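**Student:** For the protein sequence lines, the chains are A and B, in the order given.
Sequence positions in the first sequence follow the UniProt record's numbering and run 1 to 175.
Sequence positions in the second sequence follow the UniProt record's numbering and run 1 to 445.
Don't read these hints as lab results, they were simulated from the structure.
Fair warning: this is a prediction, and the values are worked out from it, not measured in the lab.
Even glycine gets a Cβ: it sits at the ideal position worked out from N, Cα and C.
Any given hint could be a false lead.
[As the list claims (entries may be wrong)] To be clear about the criterion: a stretch of chain A counts as covered by chain B if any three or more of its residues have a C-beta under 8 Å from a C-beta of chain B, and this derived list gives those stretches:
#1 87 to 97
#2 146 to 153
[Unchecked claim] Calculated Cβ distances over 10 Å to all of chain A for the following chain B residues:
#3 Arg33
#4 Ile34
#5 Val98
#6 Asn187
#7 Arg189
#8 Ile212
#9 Gly233
#10 Gly243
#11 Ser273
#12 Asp319
#13 Gly333
#14 Leu388
#15 Glu390
#16 Ala408
#17 Asp432
#18 Pro445
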Amino acid sequence: MTLLPKALLIVAALGLAACNNPDRYGAGGAGDGAGGFGAGGIDQNGLGDPNNPASIAYFNQSVGDRVLFAVDQSTLSPEGRNILIGQAQWLNSNPGYAIIIEGHADEQGTREYNLALGARRASAVQDFLISQGVQPSRMQTVSYGKERPIEICSEEACYAKNRRAVTVLSAGAGV
Amino acid sequence: MTLFRTLSPVLALALGFFIADAGASHAQQGPLRITITDGVIEPLPFAAPTFVAENGSAADYAAQITQVISADLAGTGLFREIPESAHISRVSSFDAPVAYEDWKAINAQALITGAVSASGDRIVVKFRLFDIYSGQQMGEGLQFAGTPDTWRRMAHKVSDAVYSRITGEGPYFDSRVVFVSESGPKNQRQKRLAVMDYDGANVAYLTDSSSIVLAPRFSPTGNQILFTSYESGFPRIYLMDTGSMAVQSLAQQEGTMTFAPRFSPDGRTVVFSLERGGNTDIYQLDIGSGQTAQLTNAPSIETAPSFSPDGSQIVFESDRSGTQQIYVMSAGGGDAVRISSGAGRYSTPVWSPQGDYIAFTKQNAGRFHIGVMRSDGSEERLLTASFLDEGPTWAPNGRVIMFMRESAGAGGQSSLFSVDISGRNLRQVTTDGPASDPAWSPLLP
């Protein structure tokens, strides 16, 4: 657990059930605005024991829940493919989970383009998982563009971690 | 008041303004003139003695209105206020003759005199503009009337008249800006829609921060706002009525995300980006019928569409060449012509309200710029440079651009800036806190 960034633990604790709203970032609004939108519904899943190979914690830490991308690219690296092969094996062994694939970009780009780039990345992961036998009906994609960096410095060390696609599990398919 | 003759009530609609002829002098084009597109200019010195309070309850309004007018004009960088402490003449009556020699002596080139009266739920503001060196009134006097809560707008109306007469450009002070108000650190940023006057006053929040909201855009009449929200969990475009605050979703299609919406000049059509299966193209939606049509069809990213002011063309960005570049196509889609040709990446093109320029964001050599070019790509001019400048929006007169600037690092924050199309007068727009994604309204009625 100590290897995980703190922010990851916080968001992982908000893993969504199949409420069809993947926005892990939507809660926590100040709620003092003049009407408008309410918070998306959020259910909580236990992370489970990281030593249990069927747990979300195991998937996140041992299988690896994310792949990283080069600047402005959505091509999967060999390391990324290996992680996704592991994800596909895990998902095929644990059919009770649905997934949301989040695409993200670093801050070195304009907002609209980064939304589209994040979608490309999420889609690249989705296509690869499908090629590995994961049922398309279990998957959704969403792009956050540059809206939700995990690292906040303005250096390549942070950018490299922010250019990512994260596979978020939810106990959506009958678990 | 006997001098005032009510003119057409055309402008009386939204907030109860009306305008009256406030003097008998003839409109004339004096020698007093600023040309905004000149490279470097010396700000024109003006005097705006505190407007005369015509009754006791008008005193505060008179002082505040005069301050807002001076701030509007000085804020353009084109004018310089001569402080009241340096004035020789005192203006104690709106109709008193102008002591031109006294104003010449302190080098004032323009003089703005005015008066305010207040009674019940109504205040009346009137003003005159004088060209000191030619010793003549410049244009006719005008009068504005409205409820007391519109006093800032009346001040902006005065500033707009002065600005337009001296520069020959259209007015823009009486306008609003919709933007995204931000709080929280970069990795947990909270965003909500807000509107404010162009100068940062009168902020009102339109949504709470429970969902990420992005890139709001005013309709051509200013009574609707398009924006993108994660309210459904996915980025999708919505339409808000600014009067009722009612929100409707647009162009919902399962398994897609929609973003980057913008109105056509007639307000009937929305162009936007739709992503499906990882590919983003440009679509249009007829708001009345709900019909959508696909305008681009390419495996590359096509986004950030913006109509020409006559509605016949759309400028947008695409990475079909390998990097983001700016293209122009017919409003009906079809072949597109690339217009950006310099080094680096070009994005977020926005056609000016006058049609004479396209503003854009440019990334090159690790920096971001806001720039303008002609619609054929010629005469490219970069106006700013920083770690991250993005998302230009045009003032109603097409002579000033507002944009967001984000600072670098873990504590990086967004703020709003404005700059002339000549690259002069870069300044931060006052907001309560961090702010991004500004979009200027049309001039208010």
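**Student:** Each hint should be assessed against the structure and marked as holding or not.
**Tutor:** Here is what the structure says about each hint:
Interface restraint, the stretch 87 to 97 of chain A with chain B: violated (0 residues with C-beta to C-beta distance below 8 Å; minimum three). A count of 7 residues in the stretch 146 to 153 of chain A with a Cβ less than 8 Å from any Cβ of chain B is obtained; the coverage claim is therefore met, three being the minimum. Non-interface status of arginine 33 of chain B relative to chain A is upheld: no Cβ of that chain comes within 10 Å, the nearest being about 38 Å off. With a least beta-carbon separation of about 33 Å from chain A, isoleucine 34 of chain B lies farther than 10 Å from that chain, consistent with its non-interface assignment.
Against chain A, the non-interface label of valine 98 of chain B holds: every CB pair exceeds 10 Å, the least being about 47 Å. A cut-off of 10 Å between C-beta atoms contradicts the statement that asparagine 187 of chain B is not in contact with chain A; the least separation is 5 Å. A beta-carbon of chain A comes within 10 Å of the beta-carbon of arginine 189 of chain B; the shortest separation is about 7 Å. With 10 Å as the threshold on Cβ separation, the claim that isoleucine 212 of chain B sits away from chain A is violated: the shortest Cβ distance comes to roughly 6 Å.
In this structure glycine 233 of chain B is not separated from chain A by more than 10 Å, as the shortest Cβ-Cβ distance comes to only about 3 Å. A cut-off of 10 Å between C-beta atoms confirms that glycine 243 of chain B is not in contact with chain A; the least separation is 13 Å. The Cβ of serine 273 of chain B does not lie farther than 10 Å from every Cβ of chain A; its closest approach is about 7 Å, which violates its non-interface assignment. Distance check for aspartate 319 of chain B against chain A: the nearest CB is about 8 Å away, which does not clear 10 Å, and the non-interface claim fails.
For glycine 333 of chain B, the condition that its CB be more than 10 Å from all CB atoms of chain A holds, with the nearest at approximately 18 Å. With a cut of 10 Å on Cβ distances, leucine 388 of chain B falls inside the contact zone with chain A, its closest approach being about 7 Å. Consistency note on glutamate 390 of chain B: stated as away from chain A, yet its beta-carbon is not over 10 Å from all of that chain's, at 5 Å minimum. Chain A draws alanine 408 of chain B into its interface by the beta-carbon criterion, the shortest separation being 4 Å against a cut-off of 10 Å.
With a cut of 10 Å on Cβ distances, aspartate 432 of chain B stays outside the contact zone with chain A, its closest approach being about 13 Å. Annotated as non-interface, proline 445 of chain B keeps its C-beta farther than 10 Å from every C-beta of chain A; the closest such distance is 23 Å.
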